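**Student:** Sequence:
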Amino acid sequence: MEFNDLKAFVADHDNFEIRVIGHAGSHFYQVELEDVEGQRHMLTRSGKPMLFRALDDVYLELKRAGIHRAYLVQQVPHDEMIGRETHYADPLASRMPLVF
223 MEFNDLKAFV
233 ADHDNFEIRV
243 IGHAGSHFYQ
253 VELEDVEGQR
263 HMLTRSGKPM
273 LFRALDDVYL
283 ELKRAGIHRA
293 YLVQQVPHDE
303 MIGRETHYAD
313 PLASRMPLVF
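Just so we're aligned, residue 223 is where the sequence shown starts under the working numbering, counting upward by one.
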């Protein structure tokens, strides 16, 4: 989902969740939107996933889109290495609310 598409989506919908995904061992963050139908959309620029070096950069972009709440989730590579499904979408396992 391109940034302009995100802005339009936020203007028209109110039932969605924004996740800021941190990858263990990396200092980069990605933004994912999950809509009411359970569809997941990564924030992209020119068709490529946007990577952020700091949470402050994520906050600025999300504020520009009209978003003031998100969840920080940590993706743990251990799960992928042993063939288990990643659990960052589990509401109680690994989410930390962010308000900005």
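These aren't lab readings, by the way, just hints derived from the structure by calculation. Computed from a predicted structure; not experimentally measured. Backbone N, C-alpha and C define an ideal beta-carbon position, used for all residues, glycine too. A few of these clues could be false.
As a list, the in silico DSBU-like pairs of lysine-lysine whose alpha-carbon atoms are at most 30 Å apart [as the list claims (entries may be wrong)]:
#, residue 1, residue 2
1, Lys229, Lys285
2, Lys270, Lys285
3, Lys229, Lys270
Pair ranges (Cβ atoms, derived) [unchecked claim]:
#, residue 1, residue 2, range
4, Leu273, Asn226, 16 to 24 Å
5, Lys229, Val258, 29 to 37 Å
6, Met318, Phe238, 28 to 36 Å
7, Pro319, Ser268, 16 to 24 Å
8, Leu282, Phe231, 24 to 32 Å
9, Asp236, Arg275, 27 to 35 Å
**Student:** Each hint should be assessed against the structure and marked as holding or not.
**Tutor:** Here's how the hints hold up against the structure:
Of the supplied pair hints, the one linking Lys229 and Lys285 holds, its CA atoms being roughly 10 Å apart against a limit of 30 Å. For a cut-off of 30 Å, the pair hint linking Lys270 to Lys285 stands: about 21 Å separates their Cα positions. Between Lys229 and Lys270 the CA atoms are separated by roughly 17 Å; this keeps the pair inside 30 Å, and the hint holds. Range check, Leu273 to Asn226: Cβ separation about 18 Å, and the 16 to 24 Å hint holds.
One distance hint, 29 to 37 Å for the beta-carbon pair Lys229 and Val258, is violated here, with the actual separation near 18 Å. Between Met318 and Phe238, the C-beta spacing of about 18 Å breaks the proposed range 28 to 36 Å. A C-beta distance of roughly 31 Å is found between Pro319 and Ser268, which places it outside the suggested range of 16 to 24 Å. Taking the beta carbon of each, Leu282 and Phe231 are about 18 Å apart, not inside 24 to 32 Å as hinted.
Between Asp236 and Arg275 the CB atoms are about 30 Å apart, so this pair conforms to the stated range of 27 to 35 Å.
In terms of the numbered hints stated before, the structure departs from hints 5, 6, 7 and 8, listed from lowest to highest.
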